[in-house]
Every structure is written in structure tokens, then in C-alpha cells.
Amino acid sequence: MIPAPFDYVRARSADEAIAALAEHGDDAKLLAGGMSLLPLMKLRLATPTVLVDVGRVRELSYVRDADDHLAVGALTRHRDLETSDLLAAHCAPLRTVASEVGDNQVRHRGTIGGSVSHGDPASDLPALLLALDATFVVQGPGGERTIAAADFFHGFLETALEPDELLTEIRVPKSLGAGFSYQKFQRRAQDWAIVGAMAVRNGGTRVALVNMGGTPLRALAVEEALARGASVAEAAEHAAEGTEPPGDINATPEYREHLARVLVRRALEAASA
Amino acid sequence: MHVEIAVNGQAHEHDVEPRLLLVQYLRQMVGLTGTKVGCDTSSCGACTVLVDGESVKSCTMLAAQADGSEVTTIEGLAQGDELHPVQAAFHDQHALQCGFCTAGMVMATVSLLDEIPSPTERDVRLGLEGNLCRCTGYHNIVQAVLAAAGTNG
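Chains as they are written, first to last, in the working numbering: chain A, 8 to 280; chain B, 265 to 417.
Hint data in this document are derived by calculation from the structure and do not stem from the laboratory. Take the hints with a grain of salt, since some may be wrong.
[As the list claims (entries may be wrong)] Derived EDC-like pairs (lysine to aspartate or glutamate); straight-line CA-CA distance at most 16 Å:
#1 K181/A / D14/A
#2 K191/A / E276/A
#3 K36/A / D171/A
#4 K49/A / E281/B
#5 K36/A / E169/A
#6 K36/A / D72/A
#7 K181/A / E276/A
#8 K191/A / E281/B
#9 K49/A / E393/B
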């Protein structure tokens, strides 16, 4: 399969990328690792006429300690996240979930910013960043703005990013000593989650769901039940509330609802252990 | 566009369409057909090559993205008549049946052992999760990787 023809522009800095987006408008698409975009282009589900390659913008590849949070450059590869000592010390869940993305080959190319910008409800990292209350830093022609993860994912492959904006940084709170578990249900090891559930326990409890609707979701009914003092088993029964899971070759919506309840219970148990 | 890519230590320069995939570049322009196209959807790993020493699926990377990089394919592993230790281990352990996945398996293994020189069996199985063998010959493949690493006695 061969993508439709396009013009290729290589940006060497965030500013160059934003200038290229401004020049080419809605026809342009940013290319980071390409692990999500190139498969779509090969299937011709995406046909941008200009690709702005930001894959070599090294200034956006980093994990930094920023006092009360960690700052992660948008072009940091999953491989660099899963081997980051800073993440091991201050935000182990991000390191763990990065190691669950795709396979080694995908993690050598794919980036956290690419995954977030793509906005696929079946991806692993967006749900975690929702659970962690991450903040996204975005640059456009008018300057910089920040968007809370809770306000970022608008619909299937739709985000708060404007066509002329570049996601530059992801800020995650330090979650020292957090209990964490990600339960990913899949048919083959490298596949997207048919359903995924993650729990972060650090004082309160946050629960997020993968592939249970058009966007990554917080399982708020579960969180509220736990806050009321419900047991893990009782709270997990609320896991599918407020979700609209898809039906496809792997699972019906009803089966996904069942999976969500089981996986949330397992995630809560494992995060508490 | 113009790309300069070092393939197996040899410099190559070509004018390519931006949409040319790395695997097509290697097979059709450089003429190295050891790298296979299997699923063409970045699932099976048959097209795995090393870009700057790390395994990637060359069906899901543009040649343009590899501009300025060093690419290693299955043809670049052996030193003359002497097989690379991973190739030798696959041969010794009979780690192939039809052989279609083998080039990708070997390249993924070279990258894996670079990152984890002394893997456990679990490390190997997880590390090769991106490579499918439709003959289901995984047992001997895992044994070969452990043998190449010197960690199976």
C-alpha cells in the first residue's frame, strides 16, 4: 500500500514547524514518528497534501524535573520514556504505560506527543494522561497556551489542537509512591487494547478507560463510589456507566462493558496491593 | 526529494518521491530483497531493519525519514562467509520453517540483544512481540535468541 502523493517539509525547530503549518494551512499534517499517521495514509484514510516532518526536532525530546511536576517534550519517544530514570523516580506509571505501547519497533519511532495529538481512544498514553491530570503545552502562531487533559480530547481522533498548532510539552504531576495498575486486554501482545483500565491510587483514586468511547475516559462513577466508601468490587460494577463503547470484530459493546467492569476491578486490586 | 542513506555501510544517494516507503527504497532502489513485505500494516515485523542501530518496521517509515541515517538490513550482518552470531544461532537451533519471517526476526533480535544483552525467556518473548511467525515456530526462535545471547547454558 502506498500513500497518496504529498509534499514533504522537514522542520528543524518548533518555530519552523509552526511557520510551515501557517504557510500550508489545513492541507498540512505534522509527522512525528509516523506510527499512527503513516498507516492511515497507506490506507488513504488520511490524505494530507503536505507533511511537515518534526521527527528531527531534538529540542522537543526530553524529560525534565520541573520542581512540582515533570516536563516531557512532545517528541520524546516511547523508548526514551520506558528507560527514563526520572520517570522511574517520579512518575512510574508513565514509564510503565509507555512500555505497553505497541512493540519494540513501534516504541523506537513513536512519540508521546504524536500519540496525544492523534487522539485515538484505543491508545494507552492518552488515558493515563487523563488519569494523571496532565497539562498539554501547545504553540501556535499566536504564542503558547496550556490545555488540561480533561479539556483536550473532543471526539474520535479529534482534539483541542488547532490545525496551525504544535503540541510541544506534556506536564505530569509527580506521583511518588502511587499505587498503579494498567490492565490491557488484547488478542495479540502488540495490539491496541480491546479495552484497557488503569487505576492510580495516591491519596484519592483515579480510574481511566481505554477504548470505551470516542475519547479516552475517566470512570467517574467508579471514583465517586470509592470516595463514598464502596468496596473495590462494588465500585468496579459502575465501570461502564457513562461510556459508549464501540462494537467491532473483536468485541460487542456489551462485551466491552463486561470487560471494563472486570478490568477496573483487577486494576483497583493491583493498584492497592 | 534527494536522500542520502548509508545501507550496510555503503553510501547511497537517490531522488525519491516523498511517499516512498523505506522498505520499497531498500528492495527496489537499492536492490536488497532480503527484507520482506509481509502484512504491510506494521503488524508482522517481516520488514524489520535497523535504523541507526534500532529496530523499526520499514513498511511504516518513509525513505525521507531515513535521510542521513545508517540502515542495516539482513544482508549487512554476515562478515563475508561468517554468519552473524544471531544468524548462526537461528541456523543451529533450526529457528525457521518457511523462512519468510526470519530476516525480520533476526534484525529484531539484533536490536533486542543490543538493549538487553542477557535476556530472560520472558524478555525474549516480549521483545519479539512485534514479529509474527505464521508457521508458529516460536519455540525454536526463542531458543535461538537465548543461544545467541549465551543465556541458555
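Numbers of unmet hints, in rising order: 1, 6, 7, 8, 9
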